[in-house]
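Given next are the chains, with one letter for each unit.
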Amino acid sequence: MKHAKAWGRLPGVGEARQRPWGDRHAALPTEAGPRIAHGLGRSYGDVALNPGGELLMTRGLDRFIHFDRAQGVLRAEAGVSLDEVLALVMPAGWFVAVTPGSRYVSLGGCVANDVHGKNHARAGSFGHHVRAFELLRSDGSRQVCRPGDADGRFEATVGGLGLTGLITWVEIQLIPIRRPWMAVVQRRFASLDAYWDLDESLAAHHDYTVAWVDCLRGGRGLYSAADFAGHDAPQAEPGPGRRRVPLEPPISLVNGLSVSAFNLAYYHLPRPAFSLQPALKYFYPLDGLADWNRIYGRRGFYQYQCVLPRPAMKEASRALFDRIGRAGSGSFLAVFKTFGERPPAGLLSFPRAGATLALDFPNQGAASHRLFAELDAVVREAGGALYPAKDARMSADMFRAGYPALDAFRAHVDPAFSSGFWRRVADEAPSFPQPA
Amino acid sequence: MNRILIFGATSAIAAAAARLWVARGARVHLVGRSPAKLEALQQDLQVRAGGGAAAISARSADLDRLADLPALLDEAWAALGGGVDVVLIAQGTLPDQAACEASLDETLAQLHTNGVAVVALCTLLAQRLAPGSALAVITSVAGDRGRQSNYVYGAAKGLVSRFLQGLRNRLAPRDIAVVDIRPGFVDTPMTASIAKKGALWAQPTAVARGIVAAVDRRDDIVYLPAIWRLIMAIITSIPEKIFKKLKL
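Protein sequences, first through last, are from chains A and B.
Per numbering that gives the first Met the number 0, residue 0 is the first one in the first sequence, and the count goes up by one each step.
Per numbering that gives the first Met the number 0, residue 0 is the first one in the second sequence, and the count goes up by one each step.
Pulled out of the complex, with its shape left as it was, chain A reads as follows (with noise of 0.2 Å):
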């Protein structure tokens, strides 16, 4: 049996029965579960694993079913990915409306993560450019889940961590682009309240934002704000390279030592103010080095995310990189954004007013643990929450205070599907058999 791992590799995990899944008009098997669907396996932590249970691999759901060109409307199966879409789609003028930071990403775990991309505060989350999909529950039925429909099916499948059916299907609207380049402006800032400020005034004008900051040294980073270009930029796009770490290290190599002498780099690398970059290369610029996932070596990483509220989101987040940077692990990618106003498209989805953080950390143990504790209380002080795609490790309590929509929520998982998260997290006696 191969075994399933989820983006961070952490060890003991558990095994899962592997199904490949590939037609999507076959019923769900009918022995008892638990299940759920696993497509490319970049969730980082638990969501897409079932120790003990089973995995639907979805990647043969892998058709296109409908492209109407004139209106940017995209019809696909689940386990198409987010770089078959843009392959097909970027040519005819049309990209995602909304992208995580990976285009190896299925559409049914866009979907079933409610997924962010840097332009929240405009376009919301992947959740609200969804049309519809169908759900396949093990009961046998299929049903076309649309917005607003009445049995709140969709708003709960929207970010319902794959446990309320399988989605077979997703239809998604995109948006028109002129040409495939972006129109990047950079700033470097010295301070969290020098964040702030640039934010205030460049998230006003620009489509997409984001910042790294440099944990290590309170909080200072690079802000840069970018939109589609126009007519001007070039027809053609390059297409991007991509490199491969070809082996898993013994121990991590991100460490103090590197991680701080990378931020110290990346901060003081000469940047243009202003420049044109490759859509693919601005969106997604880690797919460029393929499996860089194996750098944290054999023990694996976590990644920590958090969104703080609006009314705490200032105070809050110079409370956790004070404590990041006193415990000194800081980490290489310190990605800080500010989310929109946007009413969250599903029931459990994680974006929601306010600021958001994600951090990955090398896995050192208890060490990593006690760090993630002191984060978890100033993120509850602060009325925040973390991300189920990212996390690995959050209490049912952390889960239930972060997500006050839980109770609603389980109405609509399917009896046949759970997840290691959802064991961990929904502190409620499974409905299946608990394997030995």
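Bear in mind the hints are in silico, worked out from the structure with no lab data behind them.
Among the hints, a few may not be true.
[To be verified] Just a few of them, taken from the derived set where beta-carbon distance is under 8 Å, the chain B residues facing chain A:
#1 Ala35
#2 Lys36
#3 Ala39
#4 Leu40
#5 Gln42
#6 Asp43
#7 Val46
#8 Arg47
#9 Pro188
#10 Ala191
[To be verified] Simulated DEER-style distance windows between Cβ atoms:
#11 Ala129(B) - Val244(A): 47 to 53 Å
#12 Ala225(B) - Gly92(A): 36 to 42 Å
#13 Trp291(A) - Arg228(B): 34 to 40 Å
#14 Val244(A) - Ser59(B): 42 to 48 Å
#15 Leu123(B) - Val244(A): 47 to 53 Å
We put the CB at the ideal spot given by N, CA and C, even for glycine.
Given the structure of chain A, go ahead and fit chain B onto it with the hints provided.
Showing chain B alone in chain A's frame:
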């Protein structure tokens, strides 16, 4: 090389090859057994082809029914505008060897699907193909030598390979390429029940790239991935006296 006819089109390897040909602007006619899977593939290729309504056509059929084959070919020729440049035959099943040993009916049915029906199709195609065209057939490395673990499948594939050898010899003067494609282990729904998958297992998209390239080059026999040529050279060179004692 713009008009492509594919039998067994919904197989993972054939579907991946169809995508590559469509990406190059080919017109494709698909023949497959399951109407639902065929429709899903046709939609996919239609989207990739850019929505030109004429580009992708399809017909569901049970290729075991030999009497239906002439009409299927008539329809395919008409759908592709009266001529065909490339035919890919990818139909097939993976027999349960133990079930074949226990049942003569099962053995004959498997030989029919994987051997006789393919030979029948090739015979009829040879009557129609025009100079310059190519007939590509997916056989298997299993056809190179009978082994106790799957000799019914191997015998059917071996029949096809030997038939193609003669056909190639006959059609060469008319400049019709006969391409015998011999994949090794491929990770597809057909082999999903085989649990242990190691370094020798290839992905269908990689095999499909090999097929499209082999058809472009008008190869005679191609092993995919190429390492199988060496592996099978070794396996076929083992003396029978020794081979019969091996558990292969």
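Each hint tested on the structure:
{"no.": "1", "hint": "Ala35", "result": "4 Å, holds"}
{"no.": "2", "hint": "Lys36", "result": "6 Å, holds"}
{"no.": "3", "hint": "Ala39", "result": "5 Å, holds"}
{"no.": "4", "hint": "Leu40", "result": "7 Å, holds"}
{"no.": "5", "hint": "Gln42", "result": "5 Å, holds"}
{"no.": "6", "hint": "Asp43", "result": "4 Å, holds"}
{"no.": "7", "hint": "Val46", "result": "4 Å, holds"}
{"no.": "8", "hint": "Arg47", "result": "7 Å, holds"}
{"no.": "9", "hint": "Pro188", "result": "6 Å, holds"}
{"no.": "10", "hint": "Ala191", "result": "5 Å, holds"}
{"no.": "11", "hint": "Ala129(B) - Val244(A): 47 to 53 Å", "result": "50 Å, holds"}
{"no.": "12", "hint": "Ala225(B) - Gly92(A): 36 to 42 Å", "result": "40 Å, holds"}
{"no.": "13", "hint": "Trp291(A) - Arg228(B): 34 to 40 Å", "result": "35 Å, holds"}
{"no.": "14", "hint": "Val244(A) - Ser59(B): 42 to 48 Å", "result": "45 Å, holds"}
{"no.": "15", "hint": "Leu123(B) - Val244(A): 47 to 53 Å", "result": "52 Å, holds"}
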